[in-house]
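2 protein chains.
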Amino acid sequence: MHTGGIIVIGNEILSGKTRDENSPYLAGELRNLGVDVRKISVIPDDLDLISNEVRQFSKAYDYVFTTCGVGPTHDDLTMDGIAMAFGRKTHRHPELESTLRQYYSQNLVDGNLRMADIPGGARLIGGTGRWFPTIAVENVYIFPGVPEILRRKFERIKEMFRDAPFHLREIYLQADEGQIADLLHRVLAEFPELLLGSYPYFDNPVYSIKLTLESKDAAYVEEAHAMLLAELRKIDLIPIEL
Amino acid sequence: MHTGGIIVIGNEILSGKTRDENSPYLAGELRNLGVDVRKISVIPDDLDLISNEVRQFSKAYDYVFTTCGVGPTHDDLTMDGIAMAFGRKTHRHPELESTLRQYYSQNLVDGNLRMADIPGGARLIGGTGRWFPTIAVENVYIFPGVPEILRRKFERIKEMFRDAPFHLREIYLQADEGQIADLLHRVLAEFPELLLGSYPYFDNPVYSIKLTLESKDAAYVEEAHAMLLAELRKIDLIPIEL
Numbered sequence: 175m176h177t178g179g180i181i182v183i184g185n186e187i188l189s190g191k192t193r194d195e196n197s198p199y200l201a202g203e204l205r206n207l208g209v210d211v212r213k214i215s216v217i218p219d220d221l222d223l224i225s226n227e228v229r230q231f232s233k234a235y236d237y238v239f240t241t242c243g244v245g246p247t248h249d250d251l252t253m254d255g256i257a258m259a260f261g262r263k264t265h266r267h268p269e270l271e272s273t274l275r276q277y278y279s280q281n282l283v284d285g286n287l288r289m290a291d292i293p294g295g296a297r298l299i300g301g302t303g304r305w306f307p308t309i310a311v312e313n314v315y316i317f318p319g320v321p322e323i324l325r326r327k328f329e330r331i332k333e334m335f336r337d338a339p340f341h342l343r344e345i346y347l348q349a350d351e352g353q354i355a356d357l358l359h360r361v362l363a364e365f366p367e368l369l370l371g372s373y374p375y376f377d378n379p380v381y382s383i384k385l386t387l388e389s390k391d392a393a394y395v396e397e398a399h400a401m402l403l404a405e406l407r408k409i410d411l412i413p414i415e416l
Numbered sequence: 175m176h177t178g179g180i181i182v183i184g185n186e187i188l189s190g191k192t193r194d195e196n197s198p199y200l201a202g203e204l205r206n207l208g209v210d211v212r213k214i215s216v217i218p219d220d221l222d223l224i225s226n227e228v229r230q231f232s233k234a235y236d237y238v239f240t241t242c243g244v245g246p247t248h249d250d251l252t253m254d255g256i257a258m259a260f261g262r263k264t265h266r267h268p269e270l271e272s273t274l275r276q277y278y279s280q281n282l283v284d285g286n287l288r289m290a291d292i293p294g295g296a297r298l299i300g301g302t303g304r305w306f307p308t309i310a311v312e313n314v315y316i317f318p319g320v321p322e323i324l325r326r327k328f329e330r331i332k333e334m335f336r337d338a339p340f341h342l343r344e345i346y347l348q349a350d351e352g353q354i355a356d357l358l359h360r361v362l363a364e365f366p367e368l369l370l371g372s373y374p375y376f377d378n379p380v381y382s383i384k385l386t387l388e389s390k391d392a393a394y395v396e397e398a399h400a401m402l403l404a405e406l407r408k409i410d411l412i413p414i415e416l
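In order, the protein sequence lines correspond to chains A and B.
Going by the working numbering, the first sequence opens with residue 175, and the numbers climb by one from there.
Going by the working numbering, the second sequence opens with residue 175, and the numbers climb by one from there.
Among the hints, erroneous ones may be present.
Same chains, same label: a pair holds when it works inside one copy or across any pair of copies.
No more than 25 Å apart at the CA atoms, straight line, and that leaves these computed lysine-lysine pairs for DSS-like [said to hold, decoys possible]:
| no. | residue 1 | residue 2 |
| --- | --- | --- |
| 1 | LYS332 | LYS390 |
| 2 | LYS384 | LYS191 |
| 3 | LYS390 | LYS263 |
| 4 | LYS332 | LYS384 |
| 5 | LYS191 | LYS390 |
| 6 | LYS408 | LYS384 |
| 7 | LYS263 | LYS233 |
Keep in mind that the hints were calculated from the coordinates and are not lab data.
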């Protein structure tokens, strides 16, 4: 199983001005691809903080995804921070420079070319053109903050992350979590590798608990699901069909 | 200036099943209160990971806020993780136990009482009753994951975090960020303490850049704002009135 980590770089998220649309999107997509996302961090536009976080994530997880901070202005420090994390420098990449020169044509100003400055040894993946490719350094994949562009870029390369899928079963109940705490422990004692979640809902008229059972082993999920249903029957709890 | 950190504990966020509504809410509220949120982490329901993250955040920031993981089931490990972070144990709190006994009355099962198990030396703040108080250990404030309940609890205690406010000015432009990168550097050279953000928009018909100028010193923001407008005029860029 491959693991992933997501780093969101941006004061605008931390100050509540902008809502982070990217980490929920990436988390959902990566889960569907079979990748186990282990951590999401939101950090400020600060060179040392970016560098430290990237270094830690890169060691801890198989894949690291960063979003935001890749434009031409003073607060776009992602490329410098990632270069620093790996003890490298940024340099102007000729292919990106020529793409930018073509795009801006006679309107080009020096500032635009900053977007061609990427860490040494970076790879360009997923095709060419104005918004593509995606830039990767070691196991770190660098995405912009604009959600539409991030999605377009991720769609282009996502198959490279595909892994064995997670199998999911859900059970909805009208009950109090306290009633089922013990039986969930019994199921986990039998199925220690099961990913079992129990989520209360306080304003849903139909159900008050959602249980999720997951594993990469489909048969394991089915056996655990059967045991859980049997345990629920013992205390007269019938799952709600949605 | 006081700093803050937010820790979201929950596999359901990392797997993309549930969207985290709480950290955007807390980040926005804390900013309005004048608190500088420096980091948001989303981590799994894992005792060691919770304990480590809480210990690090507690040292690094003035206030730490946790959400999720405070129910009665096996995946509710927040209280144990926070106790562990401070080298304490959880114990059954008599006041919380009696609130729970009253609430559940004859429907009470043992599982319900797990919600009265809190770290030794924890403080109960913000009043009494079923959903209140908020439990705090050292500088860590513990909130549930259900957004409505979190909000009600936070509203009750938020004034204790109030600090000098941030002053904010915004400028909207129809331009390319590359055009203004240099003049933003000049403004920052004059106003090094300014919190200056530049955010591109690719699908807004009215403006393509939002600039944000912030400081706790209102006069400083106004002076920086005046200089920035003068710099924009030099390259014939007129802010857009919204």
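Going down the list of hints, with the structure as the test:
| no. | hint | in the structure |
| --- | --- | --- |
| 1 | LYS332 / LYS390 | within (19 Å within a copy, 43 Å between copies) |
| 2 | LYS384 / LYS191 | between (32 Å within a copy, 11 Å between copies) |
| 3 | LYS390 / LYS263 | neither (40 Å within a copy, 35 Å between copies) |
| 4 | LYS332 / LYS384 | neither (29 Å within a copy, 31 Å between copies) |
| 5 | LYS191 / LYS390 | between (38 Å within a copy, 16 Å between copies) |
| 6 | LYS408 / LYS384 | within (19 Å within a copy, 59 Å between copies) |
| 7 | LYS263 / LYS233 | within (20 Å within a copy, 32 Å between copies) |
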